[in-house]
Every structure is written in C-alpha cells, then in structure tokens.
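*Asks:* Now for the letters of each chain:
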Amino acid sequence: MQFLPDEAQSMMRDTVRRWVEKDYSAEGDSTLGCDPDRWAFLAEQGWLAAGVSEEAGGLGGNAFDLCTIAEELGRGLVRDAFVPFAGATANLLAQIAPGSDLLQELLWGGGRPLLAHSEAAARGEQLFIETTARADGDGFVLDGRKDAVLGGPFATSLLISARIEGEDGITIFQIDPGQPGLTQQSFRTIDNRSACNLVLDGVKLASDALVGPRSGADNALILALDQAILASCAEAVGAMEAAMLMTRDYLRTRKQFGSEIGKFQALQHRLADMFIETEQARSIVLRAIDAACGEDVAQRQRLAAAAKSRVAQAGLFVGGQAIQLHGGIGMTEEYGVGHYFKRLMAFDLYLGSGNAHLERFAALQQAERT
Amino acid sequence: MSFFTAEDETFRLEVRRFIQTALPLEMRERNHRAYHPTRDDVVLWTKALQQKGWSVPSWPIEYGGPGWTVRQRHIFEEECFLGGAPELSPQGNSLVGPVIYTFGNQEQKTRFLPGIISADQLWAQGFSEPNSGSDLASLRTRADRDGDHYVVNGQKTWTSEGHFSDWLFLLVRTRQDGKPQAGISFLLVDMKTPGITVRPIISIDEGHSLNEVFLEDVRVPVENLVGEENQGWTYAKVLLGEERSFSAMVPRCKMEFERLRRNASFSRTSRGRLIDDPHFAKRLSALEIELLAHETTTWRVLAEEESGHAGAMPTSSIIKIKGTELLQQIELLSVEALGLDAMPVYPEEEYREALPATMPGPVHAVGVTSEMFYRRAATIYGGTNEIQRNLIAGTLLKG
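So the sequences go chain by chain: A and B.
Per the working numbering, the first sequence starts with residue 1, numbered consecutively.
Per the working numbering, the second sequence starts with residue 1001, numbered consecutively.
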C-alpha cells in the first residue's frame, strides 16, 4: 500500500503546489467558472491525463496521481472543476470510449466534454436517474433533468446519462450545450464555483450521439463516480490541512488576555483534534486509493463509500472549528478561513453526502454477508 | 406536564392571533427565509406592536413596557419567531434600553426611551474592537474630556445594523491607568456626528448586517454619558450576563427545526420522501430529543429567574452553549436535507425583498444555506462557547 508519493509524484505535487501558490488566480474569470487559457495550461501539463491509463490515452497514472493533484488544488481552493472533468468524465470515457477523440480532447485540450449525471433525488444512489431516452426512428428523444452539474457552464459538450425506455441499463448520450430542447440554468455555488441545472425537454438526437455501450454503462459509471468521489476527498483533505494550518498560525499570533490565544489549553486541544481529524481523513483516502488501484470491485466501492463518509465528517468539523478558533474574523468573507468551510460543505453535498455514503457502506457490507 | 399555565396559553393565542392579523404576508415570508432583517421591516413591525403596547416586551410598565412575566415574555418571543415576525432590534430593546432605564438619569430616560419604543431611533452597539473580542476589557477606543464634550477616537467592530442605525452606544476608555475594567465609560453617540465612518463587513453568508465603525475626533456632549464616568464596565456586565437574550435560542431552534422538517418532506429520494427514510428520521429524532431537553433546561432557568432565587451555576452559559450548538446541528442537517438544492448561492441582495423570477432551486431552499453559514457566528458572539465553558468549570471547581 502506497502511503507517500514516489519521486515522480512528488515532483508533480510540487509543480502543482507552486502553480497554485504563485500563478493561479480566479480573478477575472467569466461566468463559465474557469478561464479557457488556464484550463488549456492544466491540459498541457498533463494534469488532466494523470489518472488515466496509457492504453486509454492517458499518462499511465492511477488514482494516487489523480488524488495528489486534487489535494493540491483543494489546498488552494482552486475553483476549476478538476474533479468533474479529470476525475469523473475522464475515468468514464477511459472505460467506455478508450482511445476516442472525445477522451483525447478532454485529456490534452481542445474540448471539454463533461459527464452530466447528477439528479437531486438520487442523493448519492449512483444508478438512480429519471432521465429517459425514447427510440425515435434511428435516433432518440431525451427527457428529464440534471441538477447541480459542477463545471457545467464550462463544458463544450455534455455527456448525459439516461435510461432507454424498455431497457435495463444506463446509456451515455453526447449533447451539444446549444441543442434545441436543452435548457441550461447556470449558477454560482456556495463555494464560489460554477454549476448548472439542465432541463431536457424532448431533445432529439441522432444515433451517433450514443457514447459507449447501449444500456451498458452502469458499471463504468459506478467506477467513474467513485473515482470522482475519491478525488474530491483528496481535495477536501488539502482544504482541511490548509484550514488547520491557517488556524495554527492564528493561534500563534492573536493575543487576548495578555497572551497568544494558542496558550489556552481548550484551544490547543481543539487544534489537536483538527489535526487528528485531518490525519484520519488522509488515512481513509489512502486506503481507498489502494482499493481503487486493485482488482476487487466490491472492495473498491466499499472503500470509496468509507472515504466519503469519513472525510465529510472530518471536513465539517475541521472547517467549522477553523472559523470558531478564529472568532469573529473567521466569519468575514474577506478573511478567507470561512471559504474552507464553504468548500467542505459543498464537498459534502457533491455526489451524495457523507451520511448517504455511510448508508451505502452499510448496505454493501450487508450484501457481502448475505 | 407543561411549564405554562392556562392563562399563559390564553395569552399565547392572543399573541398568535395578533401576529396573524398585523404581520404583512410578504414580511412573514421574508423572515421565514431568515435573511438579515431590513430597517423598514423592523420599524414597521415595531410600530405595529407599539399600537398594542408590546414593542418593548421585556421592559417594566413604568418605562413603557407591558410588564409581562418571564413566561409571557418567552411566549411572546416564541410566537414572534414562529410567526415570521422580524426580530425587534435587540440593541435598543435588550441592551441599551435597560441600561438607560436602570443607570441613566431622568433626562436621558425622557430623551431616549420613546425612540426605542417607537423604533424612530434604531441603536447599534459599539463594544468589540479588532483587538478586544473575548477580552473586551482591553478595549482601547478612548474618550478624552474637552470642556463639556468627550472627544472619541478609535475603532469598533461587529456592529450589527450599524449601517442603518441612528444612535450608537459605546464602551470607551476614559482612564488609562489602573485595572482595565476600571477606566471604561458608557457613552451614547448620535451617528450623524462628524468623524464617524461606517464600513460594511460582508459575512460568509454573503450578507450584510455587520459593520466596522471608525471614530475620529468625534465630539460627544458630556450629558450623553450614562451613569458615572469609569463605571461603564459594571453597566455592560449586566447586559452581558443577561439571560433573556439567550432564551431566544429556543424559538430560533424551533423555527429552524420546522424548516428542517419541511425541507425533508420536500426532498425526494429513490424511495419517496426523505422524511420517511428511516436513517434520516433517526437523525431528525435525535435533534428533536435534544431540543426537548434544551427547551426544558431553558424553562428551568426561566422558573429560577421568576422565583428570584438564582442558583450558583451560570445557567445562562448552559443555555447559550446548548442552544447555539443545537442550532448549528439543526441547520447543518437542513442543508444536508436539501441535497443538491443547497448547492446554489441564493444571495441576500437578490432574494431578501422578493424572489427573482427564475431561481436555480426550489423556493424552500432559499436562505437555508446562508442562514447556516451565518449561524457559525452563534458559538462566537455573546461570549464564545469556550468562554462560557470556562465559566461553568470555574464555578463548579470553586463550589
């Protein structure tokens, strides 16, 4: 089991960290939620391809590589939708369309296809969707909706999951964002990123809109979503560590009652608990990465659920206490420690809450026993 | 068993009926969304209550209050919250008003109390400073005597509603030597006085209720000193220990619990409504049980207050800690219940007055996440929960 990055991964981590600290700035981003040039730079660096195998067209890395990058982006609260594109979508396409132009564009620049799968009622139940496709001559007609698609406004094409009427599995359809019948409502998220809701009202598609196997994307979807969960957990760990260290620095400098507030034992213990929670979160993510690199599919799912459940719990504690230990200043939008809490709250809501994944873990364990 | 008598329940119905008839519907909807109240709403509602003689609910009759019992006050507060009324300005009602009628002179009572009762004058508090939060007594804003004026210089912060208030009550340093607590005075300042600058502080809910107040050579007539010079700390301490301000946590928790229940009944899962999901129901119940216990603790404190035999324990600290932490848990679960509908920002500026034509989520989601973010401050303001725990432990260990 890998605990630490190897030499190449360390170099990559340092490069990402330097970029985040020195060059990254979301100032002046359009409402798309990202800057196309910046995104092209991420692609050029190979960061979008880091977690994709060579056979599929990637750099040949694994979940460890992906999570190493995600952690650094989380540490800097980078707004770009790295996880939805490089985690969920890249992983899905690597399974159902390896070597395709669509995947090549995503990984190396040129296009930004994005999986649009999430529906509010699913609440983390990964295969629950109500979007339908009806056969219509050679093509299909899609109806339904997708909610809070992170990075949606920045996508150049959308990969919509739907169930073809009368068939069992899930199919992925590629749609142009300007397609008639598709309404896109963009919004800013609580952690200042960009997302959209999509309403599909009789969207007519030709048969070549289908990506991957007809009614057979289910297993690939689960793996892709779990990969995204893992990468988002790594982002959260980065955010937690940054919030914890920012709090430590504040305890060393803020003075009340004639001394640094870090001298007060109640606050020392809280800081220690924040550290412990961060480390627990890191451990469960490493465990889940290990499972994701292995062959045991059931284990992989269980550990992804475990990671989400545990990291979400730790994240809300660490983010909340980071504000608490800062006191009033932590409540201001300007100071910034509260932004970690907001990111960690949004992380909990993304792809099923920590509690939803706790239930999922229990159900998977139960299924294993029976 | 109930804490309330039959007369209390009759009173409750009277209050409820009054709110139903006197509170405009849009105002109720606005307040149920829980954004920071506007000046217009506060003034309008205070004036409506004034017609009934209810605009300063905790004040004694001789100063224009209704002279209610502790229980009636609690009932009133609860009905107002649950009925969607805007919160009465706590700065005037619970803070400076009682200080003026307790420690002020006759002239000050005549001059200032009517404006609080009618909300013609709204008040803001200038206590905290950037370097004086929990350690309030270390405050450095100074007032130097110059003839029949004080000249005030310094900076105050976390001034709620400072951007739409008319008057400011300040703790200032009037003596530099001796114990820090011993050189503090309590001043009343007209916010139109030259030298006062108010700057907004946007809080993490992206809302605006807090402000910084800069004071530069602000000349305040000496007749605006409350009580004696250098005795301000004793007056302020009365406020800071005021149990009444904490019992308000119960109605707020109840209101937010209702909102949580409503959100959970709107939210769907693959099997139906979220509220019917056994896992979720269990978590909801755990909070409801905590709320029952908390409400009962609050009743016990109110009963103690009523009997006039205060116990040795700092019971207000228990209420403050439990009430605020429970509120945060309720609101966090409320956000979780919304699921993806909690993802969009519903900014106060665009959603407070009326809802926009198109929204990225359902009506019931509006204001839920911002309220949760704002209430992270609940465990900080009014004496941090860490300070409150110190008080409890300190009292226990002394006993």
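Certain hints may be false.
What the hints assert, rightly or not - Pair by pair, the computed Cβ-Cβ distance ranges are:
(1) B:Ile1392 <-> A:Glu334: 29 to 37 Å
(2) A:Arg134 <-> B:Ile1289: 46 to 54 Å
(3) A:Pro213 <-> B:Thr1296: 56 to 64 Å
(4) A:Ser283 <-> B:Ala1357: 43 to 51 Å
(5) B:Ile1392 <-> A:Lys263: 17 to 25 Å
(6) A:Lys263 <-> B:Ile1289: 50 to 58 Å
Everything labelled a hint here was simulated from the structure, so no lab data went into it.
By construction, the Cβ of each residue, glycine as well, lies at the ideal position given by its N, Cα and C atoms.
*Asks:* Hint by hint, say whether it matches the structure.
*Replies:* Going down the list of hints, with the structure as the test:
Separation of Ile1392 (chain B) from Glu334 (chain A) is about 34 Å and conforms to the stated range, judged on CB atoms against 29 to 37 Å. Between Arg134 (chain A) and Ile1289 (chain B) the CB atoms are about 48 Å apart, so this pair conforms to the stated range of 46 to 54 Å. Between Pro213 (chain A) and Thr1296 (chain B), the C-beta spacing of about 60 Å keeps the proposed range 56 to 64 Å intact. Checked against the hint of 43 to 51 Å, the C-beta distance between Ser283 (chain A) and Ala1357 (chain B) comes to roughly 48 Å, which is consistent with it.
For the hinted restraint 17 to 25 Å between Ile1392 (chain B) and Lys263 (chain A), the CB-CB distance of approximately 21 Å keeps it satisfied. For the pair Lys263 (chain A) and Ile1289 (chain B), the beta carbons lie near 38 Å from each other, so the given range of 50 to 58 Å is not met.
The structure fails hint 6 only (numbered hints given earlier).
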